[in-house]
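Protein chains: 2
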Amino acid sequence: MRESHPWLGSTLTSKFSSTTVAMQTRLPVTRESFFKPHGGFVVGVKNLEVLRDTKEIEMTAKLYGANVCPFVHRTRLLLAEKGIEHEYVAIDLANKPDWYHEVLPSGKVPLLEHDGHRIWESDIICEYLEEAFDGPEFMPRDPGRKAEVRLLVNWGTSQLVPPFYKFLANQDRSKDGELKEQVLKVLRELNEKLGERPGPYFFAQITLADLELYPWFERMCVLRHYRDFQVPEKLSQVHAWWDAMKSRESVQKLKEEDEYFIEKYESYAVGDKVPA
Amino acid sequence: MRESHPWLGSTLTSKFSSTTVAMQTRLPVTRESFFKPHGGFVVGVKNLEVLRDTKEIEMTAKLYGANVCPFVHRTRLLLAEKGIEHEYVAIDLANKPDWYHEVLPSGKVPLLEHDGHRIWESDIICEYLEEAFDGPEFMPRDPGRKAEVRLLVNWGTSQLVPPFYKFLANQDRSKDGELKEQVLKVLRELNEKLGERPGPYFFAQITLADLELYPWFERMCVLRHYRDFQVPEKLSQVHAWWDAMKSRESVQKLKEEDEYFIEKYESYAVGDKVPA
Numbered sequence: 022m023r024e025s026h027p028w029l030g031s032t033l034t035s036k037f038s039s040t041t042v043a044m045q046t047r048l049p050v051t052r053e054s055f056f057k058p059h060g061g062f063v064v065g066v067k068n069l070e071v072l073r074d075t076k077e078i079e080m081t082a083k084l085y086g087a088n089v090c091p092f093v094h095r096t097r098l099l100l101a102e103k104g105i106e107h108e109y110v111a112i113d114l115a116n117k118p119d120w121y122h123e124v125l126p127s128g129k130v131p132l133l134e135h136d137g138h139r140i141w142e143s144d145i146i147c148e149y150l151e152e153a154f155d156g157p158e159f160m161p162r163d164p165g166r167k168a169e170v171r172l173l174v175n176w177g178t179s180q181l182v183p184p185f186y187k188f189l190a191n192q193d194r195s196k197d198g199e200l201k202e203q204v205l206k207v208l209r210e211l212n213e214k215l216g217e218r219p220g221p222y223f224f225a226q227i228t229l230a231d232l233e234l235y236p237w238f239e240r241m242c243v244l245r246h247y248r249d250f251q252v253p254e255k256l257s258q259v260h261a262w263w264d265a266m267k268s269r270e271s272v273q274k275l276k277e278e279d280e281y282f283i284e285k286y287e288s289y290a291v292g293d294k295v296p297a
Numbered sequence: 022m023r024e025s026h027p028w029l030g031s032t033l034t035s036k037f038s039s040t041t042v043a044m045q046t047r048l049p050v051t052r053e054s055f056f057k058p059h060g061g062f063v064v065g066v067k068n069l070e071v072l073r074d075t076k077e078i079e080m081t082a083k084l085y086g087a088n089v090c091p092f093v094h095r096t097r098l099l100l101a102e103k104g105i106e107h108e109y110v111a112i113d114l115a116n117k118p119d120w121y122h123e124v125l126p127s128g129k130v131p132l133l134e135h136d137g138h139r140i141w142e143s144d145i146i147c148e149y150l151e152e153a154f155d156g157p158e159f160m161p162r163d164p165g166r167k168a169e170v171r172l173l174v175n176w177g178t179s180q181l182v183p184p185f186y187k188f189l190a191n192q193d194r195s196k197d198g199e200l201k202e203q204v205l206k207v208l209r210e211l212n213e214k215l216g217e218r219p220g221p222y223f224f225a226q227i228t229l230a231d232l233e234l235y236p237w238f239e240r241m242c243v244l245r246h247y248r249d250f251q252v253p254e255k256l257s258q259v260h261a262w263w264d265a266m267k268s269r270e271s272v273q274k275l276k277e278e279d280e281y282f283i284e285k286y287e288s289y290a291v292g293d294k295v296p297a
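Chains as they are written, first to last, in this note's numbering: chain A, 22 to 297; chain B, 22 to 297.
Accuracy of the hints is not assured; some may be wrong.
One copy or two, it doesn't matter: identical chains are merged, so the pair holds either way.
Claimed, not checked - In silico BS3-like cross-links for lysine-lysine, where the CA-CA straight-line distance does not exceed 25 Å:
#1 K103 <-> K196
#2 K214 <-> K129
#3 K214 <-> K196
#4 K255 <-> K201
#5 K206 <-> K129
#6 K196 <-> K83
#7 K129 <-> K187
#8 K255 <-> K187
#9 K255 <-> K129
#10 K201 <-> K103
#11 K196 <-> K267
Simulated from the structure, these hints should not be mistaken for laboratory data.
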């Protein structure tokens with residue numbers, strides 16, 4: 022239960038369990054609704070009034086994404102972990118559908134539609150899913166620990182992701198050593214951070230930090246294939262964490278084969294273009 | 022009141038009012054504590070046990086910053102708006118103190134120390150201050166609206182900030198027109214977003230989005246001085262919002278004179294180096 026808020030009114034509709042879905046009728050969320058005084062919320066409420074009469078309440082989350090994208094992967098892992106019923110719309114980024122820019126005003130995947138809201142940016146989507154849905158929790162409630170999870174997500178995204186792609190996209194073989202070292206440096210730091218923990222995860226229990234960093238590890242096969250790079254065995258804490266993640270049902274359910282990534286990242290690795 | 026959490030234990034100390042401060046004895050927060058299993062929290066609790074006996078409980082927030090930095094400015098505006106008692110440590114970034122990298126492991130300002138936590142990244146600090154302290158609220162409680170505020174902060178930071186500095190730092194006068202147009206484009210979009218609102222702010226009441234975007238408007242004097250650029254009068258919604266912000270006590274209290282910014286940004290504007 023949530024308290025009512027002086028300037029938001031009651032938030033009766035703010036927390037849905039994943040089982041309240043009746044039918045998959047899509048709410049007409051428009052680009053404009055996002056920046057209206059009450060955001061998409063008013064749109065949602067208006068439509069709810071109409072839809073309630075017809076007993077067709079659209080509460081199913083809808084995620085637009087592409088399996089190749091690690092940022093999409095993050096949000097799908099969380100949807101699976103929390104057991105959130107949702108519709109997944111896979112988009113071929115190399116051959117975008119006509120409605121792409123109309124439906125995805127940000128021009129980016131992932132995009133989540135739910136309860137009259139349109140939300141992009143994977144970390145913002147993850148926090149939304151965490152706050153708006155019941156189910157297991159992946160964010161501590163204590164503000165200080167919450168900040169620690171956010172700092173770790175931020176650190177991982179800003180430190181690991183750029184060297185990963187730089188190493189993969191580099192076409193000057195004489196620079197491989199230096200770029201490989203940059204990836205290794207981050208992995209060593211990760212190993213150190215994990216080594217200070219009692220369990221395999223970054224915190225006492227699995228959090229958004231683990232789920233949001235995992236996608237790049239599933240894509241390490243690309244560095245192995247194109248750059249002969251593997252996460253060194255001696256980084257045992259990283260491997261223990263990786264194994265723990267691989268054993269999760271959510272990860273197994275959403276897993277793509279190495280061949281899929283190797284094919285999808287080919288044009289990037291051989292210097293033709295950014296990946297589809 | 023907050024509920025206890027199965028894997029965090031009770032969060033008795035998670036919400037402080039700004040009046041619980043007894044003495045300004047600094048908690049020995051170490052870099053290591055950040056990534057320990059229970060984060061800095063355990064450190065905080067341990068020290069609290071000792072300090073409670075001596076009736077010297079350190080609960081005063083401590084912010085390390087530099088007045089020139091817009092990201093620091095964000096967090097100071099929020100501290101002022103919420104009336105959070107705190108200590109401010111101004112750092113001369115052009116002449117960093119010996120302890121700088123020891124105390125600021127991120128190497129960045131702002132950095133907040135509070136309750137055994139060390140937190141950086143201005144948006145993460147703002148969310149922490151919002152969640153950990155009582156006082157007026159600047160974040161909606163509804164998850165969907167919270168996401169909208171976060172998207173707006175993200176949009177502003179990613180869209181306005183890079184063209185602002187690109188225009189200022191550019192030394193090729195033939196490119197000024199194009200760079201000016203990039204800044205204008207964002208301001209026009211901002212004007213449009215604000216025009217859909219009933220009041221001067223981005224949402225029904227002032228939120229983190231207003232506070233986190235304002236600092237670059239106080240620094241617009243730099244673009245005027247070095248690039249003869251002003252926010253066009255016809256962008257009336259932007260001006261109404263800017264005026265509303267300027268009339269706030271927090272903004273007035275923290276205001277730096279135009280001359281201050283013009284001097285501090287000189288080396289950047291004339292192409293010598295990044296600003297101190």
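Evaluation of the provided hints:
1. K103 <-> K196: For K103 and K196, the Cα distance exceeds 25 Å both inside one copy (42 Å) and across copies (50 Å).
2. K214 <-> K129: Classified as between; 20 Å across copies, 31 Å inside a copy.
3. K214 <-> K196: neither (28 Å within a copy, 45 Å between copies)
4. K255 <-> K201: within (16 Å within a copy, 52 Å between copies)
5. K206 <-> K129: between (30 Å within a copy, 20 Å between copies)
6. K196 <-> K83: neither (43 Å within a copy, 43 Å between copies)
7. K129 <-> K187: So K129 and K187 pass the 25 Å test inside a copy (21 Å) and across (24 Å) alike.
8. K255 <-> K187: within (24 Å within a copy, 43 Å between copies)
9. K255 <-> K129: neither (37 Å within a copy, 31 Å between copies)
10. K201 <-> K103: neither (36 Å within a copy, 46 Å between copies)
11. K196 <-> K267: Answer is neither; intra-copy 32 Å and inter-copy 51 Å both fail.
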